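*Asks:* The lines below spell out each chain.
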Amino acid sequence: MEWETVIGLEIHAQLATRSKIFSAAPTAYGAEPNTQACAVDLGLPGVLPVLNKEVVRMAAKFGLAIGANVSRRSVFARKNYFYPDLPKGYQISQFELPIVEGGHIEIELENGETKTIGVTRAHLEEDAGKSLHEDFHGMTGIDLNRAGTPLLEIVSEPEMNSAEEAVAYMKKIHSLVQYLEICDGNMQEGSFRCDANVSVRPKGQKELGTRAELKNINSFRFVEKAINIEIERQIDVIEDGGKVMQETRLYDSDRNETRSMRSKEEANDYRYFPDPDLLPVEMDDSFIEEVRKSLPELPAQKKQRFISDFGLGAYDADVLTSSRELADYYEAVATASGGQSKLAANWVTGELTAMLNKENKEITESPVSPEMLGGLLQRIADNTISGKIAKTIFEAMWNGEGDADSIIEKKGLKQITDTGAIEKIIDDILANSPSQLEEYRAGKEKLFGYFVGQAMKATKGKANPAQVNQILKSKLKG
Amino acid sequence: MALGSDEVKKIAHLARLEISDADVPEYAKNLSNILDFVEQMNSVDTSDVAPMAHPLELPQRLRADEATEENQRELFQSVAPQVEAGLFLVPKVIE
Amino acid sequence: MHTKTIVDLSSGLKEGAFSSEELVQHFLKRIDQLDPDLNSFITVTGEQALAAAHEADQKIKAGGAGPLTGIPFAHKDIFCTKGVRTSCGSRMLDNFIAPYNAGVTEKMQQAGAIMLGKTNMDEFAMGSSNETSYYGPVKNPWGDNLVPGGSSGGSASAVAARLSPASTGTDTGGSIRQPAALCGITGIKPTYGRVSRYGMIAFASSLDQGGPMARTAEDAALVLQTMAGFDERDSTCVDQPVPDYTASLNDSIQGLKIGLPKEYFGEGLDANVARTIDEAIAEYRKLGAEVVDISLPNSKLAAPAYYVVAPAECSSNLSRMDGVRFGHRCKDPVDLEDLYKRSRGEGFGEEVKRRILIGAYALSAGYYDAYYLKAQQIRRLISDDFKKAFEQVDVIMSPTAPTTAFGLGEKTKDPITMYLSDIYTIAVNLAGLPGMSVPAGFVNELPVGLQIIGNYFDEARLLNVAHQYQQVTDWHTRIPKGFE
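Protein chains in written order, with my numbering: chain Y, 0 to 477; chain C, 72 to 166; chain B, 3 to 486.
Treat the hints loosely; a few may be bogus.
Listed next, the stretches of chain B that the computed footprint assigns to chain C, with coverage defined by at least 3 CB atoms under 8 Å from CB atoms of chain C [stated by the list, open to error]:
# : stretch
1 : 123-129
2 : 235-249
3 : 348-359
4 : 410-424
DSBU-like, lysine-lysine: derived pairs with alpha carbons at most 30 Å apart [to be verified]:
# : chain 1 : residue 1 : chain 2 : residue 2
5 : B       : Lys333    : C       : Lys80
6 : Y       : Lys129    : C       : Lys81
7 : Y       : Lys242    : C       : Lys81
8 : Y       : Lys459    : Y       : Lys476
9 : B       : Lys333    : Y       : Lys78
In short, the hints are calculated from the structure, not lab data.
If you're wondering where the values come from, they're calculated on a predicted model, not measured in any experiment.
We put the beta carbon where it would ideally sit given N, CA and C, even for glycine.
The following block holds chain Y by itself, in its conformation from the complex (with noise of 0.2 Å):
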């Protein structure tokens, strides 16, 4: 039987913000176990929930960066559930009336085409703590300094019918979510991560099938490879004549499984209800005309310009933009290099990003600013330097070795453009080579490159690969 895939994803992302949803605790990462854990945070008794102004913002920002409906009044819920890592016994989130509501992301195929993906909505709630599992005299310890901590939870329609595109529509919110400057997304630190619910269904039917809910996964790797095993797994346990259970299941990325959490199922009557504690958050015109025009250029809208300003196509413009820094670091590089946007977007997609993946280092931390490849580029497109030299100067700049003008000075790499110059070098070539002139004329032109080869072997390599090319070719004809 033919299988299709159905998968909705839950994004959690940490809100930038210094202080925490409800408390005025910091938020920075790594701090000692509950130094970052106020009473508010702690659930000690009598304390109070007071909502931080700037999670209301970025929500917002969110909400009108992928087109939603921003609610102008939406409420907080408690959920009810017994757990170390929840100081209260309830986590403060959102239920019927979230902040944002619909909206959508266009993510790209592998055959070309786009694909939008609907957001259900995205709601506001607070982190829980964490519980470590070494030994105290067999006991688990709990550390609270991430409770309280703001996350948006960005819940898609079950819409993606594979795990890549399930990765795909996640890169696009981790892109968005950095853009818009509201969440780090740092994966490791678990700023950003990820449910997947997923089903199967026998290709042709209506009605969804049964899903399992893939918890906390966070990398994209695991994602893929996550749902990637629990679709099989699913497949196996019907065709063997079983049913897929609703039940929330754990990937276990070192056995590459998945497997079922009971402990966490059995009490999943959260008894939702307002909370008494917050009113509800209303949000006028003028407040998210303010957060509309503190928008930055989006991803969707910068890729349009770079297809249309720099004339790029689809896909490097796609590529170009999946990160505001790498975006940033191409405009400067296309500014810096005289207007050579093409050149600058094969350089910035190639040799660039190869050098950034072997070393595995960020753009932000690229040893080659913008402006000096731009410099570069410049020299190719004043034939001051050929483009394979150009691969050796950039390495030297990688290694610091100054700017592009300044190795092209220091050795002696400026392109041979003098015709006449040129030309004498060929003629001693052919002068030396009379057997392989002889066989050339005698109609075996793969020769050709053979030539050319000496050429530049002559020449270092900086002879003008063209010229070499225009003159040998009229050189040979006799």
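Guided by the hints, dock chains C and B onto chain Y, whose structure is given.
*Replies:* Showing chains C and B alone in chain Y's frame:
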């Protein structure tokens, strides 16, 4: 609405309250009486009435994003039943 | 000294007739002698009180004293007091030394008032007789084996017995007004949001409100003046200036429109209490007030709705009491579930457990609409009833409680009977309105309270209306036998 013993036990579990088996019937009786009492609410039709969660018709006040709370771990943990290395200890949590 | 009002004590202090230290010593001595029988205090903070009194005396000498500087009072044990046990009447918090002060605690401290100790109360403020306290029942000074009412029973009993000139209380469904009525003192529950709830251990967050309990309306005005006001740590606290409550006390009430809701004078009301209230109303007519009959048609639904809303909120509010970060923890828990269940099972008393169970049930899947949502709709109806009434009248008057103080153990067997002792006070909390109870006479030598309900933030008028009545009556000056 009469609550049975099983339901009382179920809610007690949801609320993480230990109630001895011997006390369950008394709870069931009292809770059933309370439910009967509150069900007087059904004497009026409220289908068109907007629920009122709060006496104040005011919006939530918003706080400036400033991290002003200082570390008071020692003070707060002085009232904790069991702490070690700055952590609150609980019986082993199995995930 | 103990028979004097705060107003008199304050001028005595300023005139140097006595010092705050002497005053505090005097009350501490009375507590020492008389409270073992009443049980109105859970914790007495004598040493701290004397030290604070010493400081207050310096301040008075230096001329920087306010109206409460050096005046002793007692806090209901629901307000967090830094460094002092804050038990909320529960075994759960028997070992809880609050690491911070409540907003109200801070304000009283800043005003220079001297805390004598923490008063007994129904466990987590759940009760109408003070019999659910882990620290044992409080007695009503007006009669042997009578309850003082609840949940602020300790605060009411202590003021009535002249163990403290005033006290703080909290009122979720009548917990200031009903014990004030049963103990023959004056108490006011302000408009929801008038007094900070920060550090006031929550029972039902959308209903709880702190307020003063004193002997006279004038004293209550002075204490409320200090308790009220904005606190940025409480999202539900209203940022609105506090009027000068004493300034309008002597305003004439000529032409005041008093509404008498017929639903508050019907079935369930003790005939003698009814007659006493009638006499109080007659007194108001003499003062020039106009009395009109009104209707609050949904009144009978207030208690049923309240016993859904309050338990629902409390079931969630009390979830933080889990034996992990503070409070009672059971011995040798075998696993997490055992830790939760036994710590909570041992830490909470029966009435608290009942309410948690009812609340959890009312919120659970499949029942939410029928109970919690329905109760919220009823709440709207009740609030609308009051809105309509206040288009017609300035204040509403009724009995505070349907009977005078009842016997210890008389209503503990049947929760519903107990719940009915709050039928006249509950609606005010659901609507969030201010309400007051004023001594209005006696039935069989037991005090009766007159309830005065005002419009939102109209506390000044309530205090004025009460004060005017106290100028022509002396019920509020009566002292129970044995406490003169």
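*Asks:* Count residues of the stretch 235-249 of chain B with a Cβ under 8 Å from any Cβ of chain C, then say if the count reaches three.
*Replies:* With 4 residues in contact (Cβ-Cβ under 8 Å with chain C), the coverage given for the stretch 235-249 of chain B holds.
*Asks:* Holds or violated: the stretch 348-359 of chain B covered by chain C, criterion of 3 or more residues with Cβ-Cβ distance under 8 Å?
*Replies:* holds (count 6)
*Asks:* Can the restraint linking lysine 333/B and lysine 78/Y be considered satisfied, given a maximum Cα separation of 30 Å?
*Replies:* Since the Cα atoms of lysine 333/B and lysine 78/Y sit roughly 29 Å apart, the hinted pair holds (cutoff 30 Å).
*Asks:* For the pair supplied as a hint, lysine 333/B and lysine 80/C, confirm whether the alpha-carbon distance does not exceed 30 Å.
*Replies:* 22 Å, holds
*Asks:* Check, residue by residue, whether the stretch 123-129 of chain B contains three or more positions whose beta-carbon lies closer than 8 Å to a beta-carbon of chain C, and give the verdict.
*Replies:* violated (count 0)
*Asks:* Quick check: the stretch 410-424 of chain B, covered by chain C? Criterion 3+ residues, Cβ under 8 Å.
*Replies:* It holds, with 4 qualifying residues against the three required.
*Asks:* Does lysine 129/Y pair with lysine 81/C here, judged by a C-alpha cut-off of 30 Å?
*Replies:* 28 Å, holds
*Asks:* Does the alpha-carbon distance linking lysine 242/Y and lysine 81/C stay inside the 30 Å limit?
*Replies:* Satisfied, since the Cα-Cα distance of roughly 27 Å is no more than 30 Å.
*Asks:* Decide if the proposed pair is consistent with the structure: lysine 459/Y and lysine 476/Y, CA atoms, cutoff 30 Å inclusive.
*Replies:* Distance ~25 Å between lysine 459/Y and lysine 476/Y Cα, so the pair holds.
In this structure, the one hint that does not hold is number 1.
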